[in-house]
Every structure is written in structure tokens, then in C-alpha cells.
Amino acid sequence: MAVNQSPMYQKAEERYRSAASPAEKVAALEEMLRLVPKHKASEKLQAALKQKLKTAREEMQKGHAKHAGGGHHDPLQVPRQGAGQVVLLGEPNTGKSSILAALTSAKVEVADFPYSTHAAIPGMAHHEDVPIQLVDMPPLMVGHAQPGMIAPIRAADVILHVIDLSAIELIDQYERPLAWLREHNVKPVSRATLEFDEDESAALPKRLLVAANKLDTPSAADNLAGLQELCGTELRIVPISAKTGQGLPEMMAALFELLNVIRVYAKKPGKPVDRDAPFILPAEATVHDMAHLVHRELAEKLKSARIWGGTVHDGQQVHATHVLTDKNVVELHFP
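One point on numbering: in our numbering, the residue at position 113 of the sequence shown is 216, and numbering is uninterrupted.
Treat the hints as calculated values from the structure; they're not laboratory data.
These numbers come from a predicted model, not from an experiment.
Do not take every clue at face value.
Claimed, not checked - In silico PhoX-like pairs for lysine-lysine, Cα to Cα no more than 25 Å straight-line: (1) LYS370 to LYS404; (2) LYS141 to LYS374; (3) LYS370 to LYS406; (4) LYS143 to LYS155; (5) LYS346 to LYS371; (6) LYS155 to LYS141; (7) LYS374 to LYS346; (8) LYS147 to LYS157; (9) LYS370 to LYS430; (10) LYS371 to LYS404; (11) LYS141 to LYS157; (12) LYS143 to LYS153; (13) LYS406 to LYS430; (14) LYS141 to LYS346; (15) LYS143 to LYS157; (16) LYS165 to LYS153; (17) LYS210 to LYS374; (18) LYS153 to LYS141.
Claimed, not checked - So the derived label-pair ranges between C-beta atoms look like this: (19) GLU360 to VAL245: 54 to 62 Å; (20) THR428 to ALA144: 25 to 33 Å; (21) GLY413 to HIS142: 25 to 33 Å; (22) GLY413 to ALA305: 20 to 28 Å; (23) CYS334 to HIS398: 43 to 51 Å; (24) ILE274 to GLY246: 13 to 21 Å; (25) ASN107 to GLY246: 22 to 30 Å; (26) THR347 to GLN164: 45 to 53 Å; (27) ALA126 to GLY418: 19 to 27 Å.
For glycine and all other residues, C-beta sits at the position ideal for the given N, C-alpha and C.
Let's have the full structure, built from the sequences with the hints guiding it.
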């Protein structure tokens, strides 16, 4: 009998498949073990997860011993924050840093010469009230990529592939990074939902959006039309200008869609809704999943909930298994 996994489990599995370090694997596997249904049909899966967790913990201990007292720091690794992590990938002078500067308060060196970025630079952007972390990676020059660059790219939730619409070699600039990703066992996809192969050595599917930058330049419109005609619908292309801001809201909306998450607002009984810090959950998450984020122990005692927004009547009472939608307001009731 197949084991049906929840959206929360699927999100944890995605983090495990994309993990850039043993510590990230351990955290993801522990979450998968907690979330996997506990019945006879899942016993084989539980045993496999426990074995993988044991191996990951051993790898983590070896890593700690290797770097003990060494003060090791990887300038390309950035802790994930917000609703998801988006890495900016592109060749020199495509305008990655300009995008980061336009959307975040990060201290960015925007220069007209190549290789002005040497370490990963994070900044927090927003789609409406949803925080999305953007990470500007060093420029990619195929054949001369910075060592270790593929690991944080594999670990990110989405890749933002930045190209320059004024570039003479626009098509090559579009195709070279995609080929580099495939050479490193990453399969770019344009859909929000991911399907993983049982063989963990298979190519890792990774959500990717193409940001066609410098839409404000004279040749941009013609070059964009030619690019879209050549590339078809393989990947989604969003035309933008970091300089003028044109297309940036549409780009952030597309990134939010690719992250495959929803925002949910909490409301205490008899109190107004708290819209300052929405809870971020995987798409198709349930009321129980939200309750677990609010308080892990109380979640198991959840009695019922009232929902506003979406397809239900405002204030309708629902069970813990009710599937939430984006912008729902949820009032949890405990005994």
C-alpha cells in the first residue's frame, strides 16, 4: 500500500534532497520522521529514514571534528530566511546586483565591470506582505565557476536566472548557465510542484525563473521577442528593468507562485486578526499544520477552527483536516 504524504512532509523531503550540508540533511530527516504516517504500510519507509538519519549524523560529526577550532566559514552559504530562498544566477554584468539593490536594503556594490561580487549577498524582498530572501551569487563564467558554487544553488528553493536583454550573445547567455546546471545534476523546471525520483542520484528538479533584465535598453524589445520565439515555453521568462523598476512586481509575484507556499493569518478568539506576521505554509497545508507552527504540543489537542476567506463562509467552523488557501484568516480553538 502506498504511503500518502502530507504537504509538510513533501516540503521536508525537498529540503533533504536539496541539502547542502549534513546538518541540513539531519534537520530535514528528523522532520520527515516526525511527519511520516505511523502505520504498517510506512514501516519500510520509516526504517529507511532512520538509516539515512544515522548516516547523516555520522557525516555531521565527522565534519565537526574536521573543522574543530578552525573557524571555517563558507562565503557562499547563507542561512534560509523568509518564505523561501531565491538565488540569483547569471553571467557577468547581467544586473543581478542591481536587482538585489532595487528590491532589498542589502549593501550591494553595483559596478559596470565583471566579478564585482565574490561572496553570496543576501537581502529580503517582498511580494505584498510575504518576505522572500534573495541571494546574489558570484557571476557564473562557465569553465571558471567559483568552487563550491553549486551547493548553495542546489539548496535554494528557486533559481532566478538573470540575463541581459542588451547583450549581443543573449542566447548563449541564456543557454550556458542552464547547461552548467544540467552538468551538475540539476534539472531546471518551471512548475511549482516537484516530483523526485526514488533514485537519489538522479538529477535534482529545481524551480527556475528567467529574469530578462535591462528592458529599458533600446534593443531590449526585439531581443526579448527573438528569445521567446526561440525558447518557447520551456521556462517562464519575465522581462524586467532593475533600473526603472518595470516588471519587478510581476517578477516577485512569479517567485511567490513558484515557491508553492501560502500565507495564513492568525486570529485569537474575540480579538482582531494579526496581519503583521503571516504564517507561511506549503500549499495544500491543513489547519492542523498551522496549529503545529503555532504550538507543537497544543496542536494535538486542537478541537476546531474558524476560517475567513477562500471558499468558505466567513467564520465557518472547520475540522483540523481542512485544507487552507492563501490569505485565509484562522482562529484556532483548543479545549
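Problem set entry | Hint consistency between LYS141 and LYS157 [alpha-carbon to alpha-carbon, up to 25 Å] | 19 Å, holds
Problem set entry | Distance restraint between LYS374 and LYS346, which requires alpha-carbon spacing of 25 Å or less | 43 Å, violated
Exercise. Per the hint of 25 to 33 Å, is the separation of the Cβ atoms of GLY413 and HIS142 within bounds?
Worked result: 31 Å, holds
Problem set entry | Proposed proximity, LYS430 with LYS406 (alpha carbon, max 25 Å) | The given pair, whose Cα atoms are some 22 Å apart, holds under the 25 Å limit.
Exercise. ILE274 and GLY246, beta-carbon distance inside 13 to 21 Å?
Worked result: For ILE274 and GLY246 the Cβ distance comes to about 18 Å; the hint holds.
For this session: Would you mind confirming whether the straight-line C-alpha gap from LYS155 to LYS141 stays at or under 25 Å?
Result: 18 Å, holds
For this session: Please work out if LYS143 and LYS155 have their alpha carbons no farther apart than 25 Å.
Result: With a Cα-Cα distance of about 20 Å, the restraint between LYS143 and LYS155 holds, given a limit of 25 Å.
Exercise. Given the proposed pairing of LYS143 with LYS153, does the C-alpha separation stay at or below 25 Å?
Worked result: Holds. LYS143 to LYS153 sits at ~16 Å (cutoff 25 Å).
Exercise. Going straight from one Cα to the other, do LYS141 and LYS346 come out at no more than 25 Å?
Worked result: 53 Å, violated
Exercise. Is LYS143 within 25 Å of LYS157, Cα to Cα?
Worked result: 22 Å, holds
Exercise. Is LYS370 within 25 Å of LYS430, Cα to Cα?
Worked result: 12 Å, holds
For this session: Sort out whether LYS406 lies within 25 Å of LYS370, counting only the CA atoms.
Result: 15 Å, holds
The structure fails hints 2, 5, 7, 14, 17, 19, 22, 25, 27 (numbered hints given earlier, in ascending order).
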